[in-house]
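S.K.: Residue strings, one per chain:
2 protein chains.
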Amino acid sequence: MGAFPADSVGLVTPRKIVIDQALALDCGRTLPQHELVIETYGTLNAKASNAILICHALSGDHHAAGYSSETDKKPGWWDNCIGPGKPIDTNRFFVVSLNNLGGCRGSTGPSTINAETGEPWGPDFPLLTVRDWVRSQALLADQLGIRQWAAVVGGSLGGMQVMQWTIDLPDRIRNAIVIAAAPKISAQNIAFNEIARQAILSDPEFHGGRFYNHDVIPSRGLKLARMLGHITYLSDAAMRAKFGRELKAATPSFNYDVEFEVESYLRHQGQAFVDRFDANTYLIMTKALDYFDPAREFGDDLSTAFRQAKAKFLVVAFTSDWRFSPARSREIVKSLVSAGRDVSYALIDSQLGHDDFLMPLPQYHRVLSSYLARITEEET
Amino acid sequence: MGAFPADSVGLVTPRKIVIDQALALDCGRTLPQHELVIETYGTLNAKASNAILICHALSGDHHAAGYSSETDKKPGWWDNCIGPGKPIDTNRFFVVSLNNLGGCRGSTGPSTINAETGEPWGPDFPLLTVRDWVRSQALLADQLGIRQWAAVVGGSLGGMQVMQWTIDLPDRIRNAIVIAAAPKISAQNIAFNEIARQAILSDPEFHGGRFYNHDVIPSRGLKLARMLGHITYLSDAAMRAKFGRELKAATPSFNYDVEFEVESYLRHQGQAFVDRFDANTYLIMTKALDYFDPAREFGDDLSTAFRQAKAKFLVVAFTSDWRFSPARSREIVKSLVSAGRDVSYALIDSQLGHDDFLMPLPQYHRVLSSYLARITEEET
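Protein sequence lines, in the order shown, are assigned to chains A and B.
Each step along the first sequence adds one to the number in the UniProt record's numbering, with nothing skipped, and position 180 is 180.
Each step along the second sequence adds one to the number in the UniProt record's numbering, with nothing skipped, and position 118 is 118.
Because the hints were derived from the structure by calculation, they are not lab data.
For every residue, glycine included, the Cβ atom is placed at its ideal position computed from N, Cα and C.
Treat the hints with care, since some could be wrong.
Listed below are several chain A residues computed to face chain B (Cβ distance under 8 Å; list not exhaustive) [what the hints assert, rightly or not]:
(1) Thr71
(2) Ala187
(3) Ala191
(4) Asp290
Cut-off 25 Å, straight-line C-alpha distance, at most; resulting in silico cross-link-like pairs (SDA-like, lysine to any residue) [claimed, not checked]:
(5) A:Lys16 - A:Asp275
(6) B:Lys310 - B:Arg131
(7) A:Lys248 - B:Asp293
(8) B:Lys334 - A:Arg240
(9) B:Lys242 - A:Asp300
(10) A:Lys248 - B:Ala295
(11) B:Lys73 - B:Val37
(12) A:Lys74 - A:Pro360
(13) A:Lys242 - B:Phe298
(14) A:Lys242 - B:Arg197
(15) A:Lys248 - B:Ala238
(16) B:Lys310 - B:Leu368
(17) A:Lys334 - A:Tyr371
(18) A:Lys248 - B:Arg296
(19) A:Lys334 - B:Ala238
(20) A:Lys248 - B:Pro123
(21) A:Lys248 - B:Cys27
(22) A:Lys16 - A:Thr43
Required output: the full structure, derived from the provided sequences and hints.
M.R.: Right, here's the structure in full:
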């Protein structure tokens, strides 16, 4: 037990929450029941007013902090930010992290069994929206006895969920921490997603999404999708700093084997992803990204959308992020200001690109710490 | 005949040049003979001192200007720039445009017949470098009786060939016009190329490059590669301006059919490319891009490399180009200045991205026109 660092939440065990209420989805279909796998860190206070929800991004899951076993070498994906004394301080807050509906880490999704057929859902699993996730997360909050989150926090696609919370369920969120996000993705972002999807959909081993029944996975397509994602998570400068354009050998090989370090990195990242992620979930996640557009039902005016909100906002962007650039975060801030909302904005000097929202950059963590330190635990 | 615009070179007919000299390649192999398909516009003067070579980019070919038939609706790929009275003025210059070795529009390449086997070369065709192309183009110049080009002109990968000419054959080029290029591609660029290659190589219908014998083409992979290329040719802003994030229908379809205009555009571009381009050529072109690094044999010092050069330089970059950004062109300019070379630099205000080097932007064409107007027809 003493093996874990002192500022770690230590050993964590996920649990499965069965949500028996029907969930009506934006696509028009209804899930009569669904399950969400969660982890929690810290202790819920008597008034249930100190809860923070962590919303994950495209490939994230419930395992945000701590270690899954005594011998686990790698902690959760946001362990540098969540723990005793860390920016999201588990001495003070009760932190809830979930695998979203549609995910592939135990929550109901395309790779789980459809009770109606006894087979994996596969392509029959409904496409989801960020609104659907907020609805599902609200049912989760009900089940946990949390009427109002002290804060909802998320980066990238997670930040979109945070914004949607403030608009759809304004009384249930006191603080919204929106990191490296955008009010909606750009045509270029959609284009990248579309290529990733086509890579998966056109893989002969995708079998129309029913690859589970064929004992194969569409590994070529999923690998390409992940490799492409990686380019957009890193800045050009970061790639240059990390790999330069170093040849692995002294001279070119004049064949299609790995020649440059960056190729080796990408192939490795792609393969590692294939081993842990589900292709149908990847498709669902990219579509949710494409669909996200909270201004749409408010006459395409984001500030009108944010007039629904009651939360206080912290918006964080990173200088080197070209996937969701600071300009996109400023659009969010501008709309919040127009809507008369209470908003703080931090632009963090960074090198790595979009992935910096996962990094323990001191300036970034100070911003989060000082914002969270001012959060009252009183319900509003 | 009167159907063509007055400033067009009109009807053009490609011709095949057989080059019987052996060509030693950087990979160590030698081609005993090769053929290049070319078009020429304008008239070579008696001293053969008014010739301009056009070097094409990744997916280009010899058909740069004019019309291939009386009923041809679309002129060559750079028709807006080449013709009587146009920036590359065929009233004054004799313009040579070729399909590079390794191409797929008639020049010797992977889809042509290997005399040794009587079958298409396929994967047995050697990987090429920009230096190899310069060697091949020099043999072409010999055959055409051109000792020294008045100018060599190219954008993107074409610009790299221009730079290599100045370093490898300094006495044979008086002016170098390097457009939207880079001294070597970045790790991010290599990463994009690698994903494009993996898309093709992993397509089951690639058959190790011998798809010709199977009566199929690796269309899925080639389509993905082209879609990905397109994202990098256009700026985020251009994509936004062109497609916004408009849904094709009033509401989302919640399936994987085309939903956004940008998806429709990309799929169309991908399919059109599959119908006209060869997958092995695409692989060869991307590798040549990756390998290009003229500073490498000069102690990684580009200015030392450029000390070989005798040409005058015009370097042109475009503000909205993120594939080969203005910063990369400034690296070229800086090295040329350090090397004591005569260099002009123009940064063109643009919106579209990398593709702007093909567009008739007035500022851009004025820069080309005025530079070319000052070119003397005298050999040096």
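S.K.: For each hint, tell me whether it holds in the structure or not.
M.R.: So, going through the hints one by one against the coordinates:
| no. | hint | verdict |
| --- | --- | --- |
| 1 | Thr71 | violated, 34 Å |
| 2 | Ala187 | holds, 4 Å |
| 3 | Ala191 | holds, 5 Å |
| 4 | Asp290 | holds, 7 Å |
| 5 | A:Lys16 - A:Asp275 | holds, 23 Å |
| 6 | B:Lys310 - B:Arg131 | holds, 17 Å |
| 7 | A:Lys248 - B:Asp293 | holds, 15 Å |
| 8 | B:Lys334 - A:Arg240 | holds, 20 Å |
| 9 | B:Lys242 - A:Asp300 | holds, 18 Å |
| 10 | A:Lys248 - B:Ala295 | holds, 18 Å |
| 11 | B:Lys73 - B:Val37 | holds, 22 Å |
| 12 | A:Lys74 - A:Pro360 | holds, 15 Å |
| 13 | A:Lys242 - B:Phe298 | holds, 23 Å |
| 14 | A:Lys242 - B:Arg197 | holds, 22 Å |
| 15 | A:Lys248 - B:Ala238 | violated, 36 Å |
| 16 | B:Lys310 - B:Leu368 | holds, 20 Å |
| 17 | A:Lys334 - A:Tyr371 | holds, 19 Å |
| 18 | A:Lys248 - B:Arg296 | holds, 15 Å |
| 19 | A:Lys334 - B:Ala238 | holds, 23 Å |
| 20 | A:Lys248 - B:Pro123 | holds, 22 Å |
| 21 | A:Lys248 - B:Cys27 | holds, 17 Å |
| 22 | A:Lys16 - A:Thr43 | holds, 18 Å |
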